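A.B. asks: Below, each chain spelled out in residue letters.
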Amino acid sequence: MNHGASRKSALAAAGLAIGAVAIVAARAAPAVPGMPASPLPASAAPVQAAADDDGYPIDHEIIIRRCQRCHERDDEGRMTRISYERKTPEGWQTSVRRMVALNDVSLGPDEAREVVRYLSNRQGLAPGELEPGRFEVERRLIEHVYEADRDVENTCIQCHSMGRVITQRRTREEWELLMATHRGLYPLVDFQGFQRGGDGPQPVDEAIDHLSETFPLETPEWSAWSASMRAPRLAGTWALAGFEPGKGRIFGTVEISAGDAPDEFRSQASYTYAESGERVSRGGQSIVYTGYQWRGRSNPGGADELREVMTVDRGWQRMTGRWFSGAYDEFGPDVTLTRAGGGPVVSGVHPPAVRAGSSSAEVRVHGVGLPANPDPAEFDFGPGVRVESAAGGDGSRVTLRVSVDEGAAVGGRDLFVGGVSLADAIQVHDGVDRLEVTPRAGMARIGGGAFPKGYQAYDAIGWDDGPDGEPNTEDDLRLGRVPVTWSMEEYTATFDDDDIRYVGALGPDGIFTPAIDGPNADRAGNRNNVGDVWVVATHEGGLRARAHLIVTVPLYLKFDPWQGVPAGRLVP
Amino acid sequence: MKHLKPINQKAGRIEAQAVREKMDAEMDVVGLESRPEGPHIPLGCSLVFAPGWEVDSTGGTAGLCQPVERDLFDCHLACFWPAHVPDQLNHSPDWTSQCASAQKDWRKLDLVFP
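Each protein sequence line maps, in turn, to chains A and B.
Each step along the first sequence adds one to the number in our numbering, with nothing skipped, and position 401 is 401.
Each step along the second sequence adds one to the number in our numbering, with nothing skipped, and position 91 is 91.
Simulated from the structure, these hints should not be mistaken for lab results.
Only a predicted model underlies this, so the values are computations on that prediction, with no experimental measurement involved.
Nothing false has been slipped in among the hints.
Label-pair ranges, simulated between beta-carbon atoms:
(1) A:Gly277 - B:Gln9: 53 to 59 Å
(2) A:Gly301 - B:Arg13: 50 to 56 Å
(3) A:Gly431 - B:Ile7: 45 to 51 Å
(4) A:Ala505 - B:Ile14: 29 to 35 Å
(5) A:Asp209 - B:Gln9: 51 to 57 Å
(6) A:Gln268 - B:Gln98: 44 to 50 Å
(7) A:Ser270 - B:Ile14: 55 to 61 Å
(8) A:Ala505 - B:Gln98: 29 to 35 Å
(9) A:Arg196 - B:Asp94: 32 to 38 Å
(10) B:Arg13 - A:Gly277: 47 to 53 Å
(11) B:Asp94 - A:Gly236: 47 to 53 Å
(12) A:Gly128 - B:Ile14: 52 to 58 Å
(13) A:Glu61 - B:Asp94: 31 to 37 Å
A virtual CB, placed ideally from N, CA and C, is assigned to each residue, including glycine.
Let's have the full structure, built from the sequences with the hints guiding it.
C.D. replies: Here it is, written out as C-alpha cells:
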C-alpha cells in the first residue's frame, strides 16, 4: 500500500471537512437533493429520538450511507458508537472532522453540516446539562475547577480542558471505548495520566466509573427537554447589553428575522460602546441547535468577523453568551439579549456609578423604546438622587442630568421608568477605595512570526468599600471600569528576572500585545520571549492594583473547529 | 536578617529580593490585588508533566523547556503533547518534513488544523 498517497487523500479529505467549518457557525446549508431535511421544525412533529433501552436509532440517509461502512446498524436502526453518545454541536463537529481526517470518510461540506445538525438535535444536551460546561463552547479562558472529582479532573486536564468532558453523555461502554480511542491515537497517555502503576484500579478505570455514573447517556433532563424541543421563534427586536474586556460596556439592539429554515435566523446588530461612543453595525446569520444553542457568525469574511455562541432561555425572552474572535478566541463581548415586546426595555445605565454630592452629572439610560420626549419626573432612582433634566433621542437612549445629595446613602439604586425597572441600575458611592485588575491571572501567547499572537485585555474595576468601610465584604460596591494608567512590573520567578524586557507591550488601553515567537538570541539560552510579569493599574491618587500575566508559548495545534486554514493547505 | 550578613553574591541577591518584595507589598493598599494564592493555571493549560506546556508546576514560565523549538521534534515524534503539538503517529506525519532543525527552521512549521 502506498502510504504517501493514502495520507495525501486523507489530507485532501480533511481539507474538505475543514472547509465545512461553518457547520456550527451558521453558514446555512443549501438543500441537498435527496436529503431528508434535518432542521428542527418550528412546532409539532416531535424530534425526540425514541430512546431504546440504550442507544438512539439513526435514520438520516447521509449518516447511514457514509458511516455504515464502519458503524454497523442493527435491526432497530442503532449504529455502533454513534447511537450511544450525546454532545454539543462542537462535539459532533469534532467527531466528524476526526472521521474525515483519520478514517478516510468522504463527506462534502454541506453533508457534514447536515450530519452535525441532525445529531446535535437528536442527540444533544439539555440546557441544564450544558450549563456547567458553557465556558467551553463560549471559549472563555477561566480558571475552572471540577469539584465533583478532583482525581478524574487531574487525569483529563493533563492534556485538555475539563469542558470537553462534561459536555458529553455516553453509555458506560462508550466511555470505555473513548478511553480505548485515546490509547489508540495517543499511546503515551498510559504514562501521562491513565495509569499510575501497581495493583488496584488505575486512574483511567476511576475515570470510567465516575464519568459513566455522572454523565450517562440517558437522563431525565434530556428526556424532558427533547420531548418539548422545537425551533424557537426568535424573530423580533432584542435589546443588547454587554461588556467587552478592554473596551467596556456596549448597548444596542439586535433585529432578528427568520432564515431559510425554522431554526435559522438572520440578525442585524447595532450597538455603541458606552465609553468611547464608537458605533458598530453587524449583519449575521445563525442556526439554533437543540432548540436553544445559538451559533452564529456576524460580518462574515470581514476583519471584524465575530462568532456568536449564545443560549436561548426556556421562555425565549433572553439570550446570553459571548461573541468572539482572535487566534485564541480572546476578543469580544459577553452579551445579554432581552426581547423587546411592545413596551420599553431598560438595558443599563452608564456610567454605572455616581458619587454622592455630584451635581448635574450626565447619566445615560440605554434601552429600547425609550421615550423621545422624556419627562425627568418619570425617572425614579430612589432616595437621594434627583433627576434634573432628560433628553431623548431615537428611543435607544435618554440622557439625564442627575444630582446626588451629599449625605445620600451609599449603595445601589433601582431605576423605575415607564412601568419597567432595572435593579441596581446605578451605584451611589463616596469615592473609589480600591482597585481590582481583571482577570487576576491572564495569559498571552507569543506570535507574529510563524504563529498568530494571543492577546490579553485587562480592565481596572473600581470598588467602594461600602457602608462598613471594610474591603472585601458583602456590602462593597462595584463601580465599573475606572480610568487608570497601565504599566508592567517584574514578577520575580527567578533571581535577576529579565522577563519584562522581552515579553511584549501593554497598551494605554490595558491590552497586552505579546512579542514575536521564535528563539531570541539576546536572551540567555536562546529563550523565547516568554515570561511572567505583573500588570499594574494606577488610578488617580496613587491607588494601585495588579494582576499576574503569563506570556507563554504558542499552540502548534488547534482543535477549535472554526479556526481558518492558511491558504495553500487545502489543495487536494 | 537583622543579625545576619550575606557572605556571597547569591545571599546578597536573596536579601535584596526580600527588601524589594517588602517594598512592593507596602505600595499596595490592603485589599488590593496581591500575589495569587497558589499557582493559577488557566483553563486548558497542561501542567502536570514536568515541565508543563503553558506553565510549570508553580504556575509560571520559569521552568518551561526553553526555547520551545528545541523540544518540538521530540514532542512531535513521541506524541507527548497531543493537544498542543501535532503528532507524527496519526494526525500529522509530515509536519516537520521541511525542517532539518526546528530551532533553525521553525518558521516552516505549519500550524495544524486536524
